[in-house]
Amino acid sequence: MTMKEWNKGDKVAVLDDAMEGVVIAFKNDEITIETTDGFELSFRSNELIKIGDTSEINRASKISDIEQAKVQKVTKNHHRVNTEKKSKKDDFVLEIDLHIEKLVKSFKHMNNFDILNLQIDTARGQLEFAIRNRIPRIVFIHGMGEGVLKEELDFLFGRYSEISFQDANYRKYGLGATEVFLKQSALI
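Count the sequence shown with my numbering and you get residues 1 to 188, in order.
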């Protein structure tokens, strides 16, 4: 979106965070918003989307329709039925959202160190729960941010020999999620 398309008072949402607000100022490529919690935060224009502006959504849906049509045209026998049986347990994926606003009601009194420790402790507890209950797949949603939480999670996951992990499905979770797999030997 170009700067000419932003106006003071526009309602916006942050793309990689569960945050909304109103545009109060903009300069160059930096837009300052007042969040619904009353904070003034600055973002680049490509990190925000107008709420109620369907032009980008319509354009994206038309592009995906075209891509889907191309795939169907190229794919041979796309009507084939999958006869492979999977257990419901294999289909289940435990999703853990580590965004701080999902973990506590108010985090205004917490500093960054406290927030990070709570997020890591939550991830560790959920991972231990999954191991105990033999849940084969877990997705930890950590967001993009500066990458501190992702690095801490990578370090935490690396300490467990019975798991492997990778970036989660981009189409479903975007760039801010890690998928953890419990190895079969740990499930027996």
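Be aware that a few hints might be false.
Only pairs whose alpha carbons sit at most 27 Å apart, straight line, appear in this in silico DSSO-like list of lysine-lysine [as the list claims (entries may be wrong)]: (1) Lys-183 x Lys-11; (2) Lys-172 x Lys-27; (3) Lys-102 x Lys-27; (4) Lys-150 x Lys-172; (5) Lys-50 x Lys-105; (6) Lys-27 x Lys-50; (7) Lys-11 x Lys-27.
In short, the hints are calculated from the structure, not lab data.
Since we're looking at a predicted model, the values are computed, not measured.
(message) With the threshold set at 27 Å, check whether the alpha-carbon distance from Lys-11 to Lys-27 stays at or below it.
(response) 17 Å, holds
(request) For the pair supplied as a hint, Lys-150 and Lys-172, confirm whether the alpha-carbon distance does not exceed 27 Å. (result) 18 Å, holds
(request) Could you grab the alpha-carbon distance between Lys-50 and Lys-105 and see if it respects the 27 Å cut-off? (result) 26 Å, holds
(message) Check whether the Cα positions of Lys-102 and Lys-27 lie no farther apart than 27 Å.
(response) Violated, because 31 Å separates the two Cα atoms, which is more than 27 Å.
(message) What's the verdict on Lys-183 and Lys-11, does the C-alpha distance respect the 27 Å limit or exceed it?
(response) 45 Å, violated
(request) Assess, step by step, whether the Cα of Lys-172 is no farther than 27 Å from the Cα of Lys-27, and give holds or violated. (result) Roughly 33 Å between the alpha carbons, so the hint for Lys-172 and Lys-27 is violated.
(message) Lys-27 and Lys-50 were given as a pair; does the straight-line alpha-carbon distance stay at or below 27 Å?
(response) 17 Å, holds
In the structure shown, a violation is registered for the earlier hints numbered 1, 2 and 3, in ascending order.
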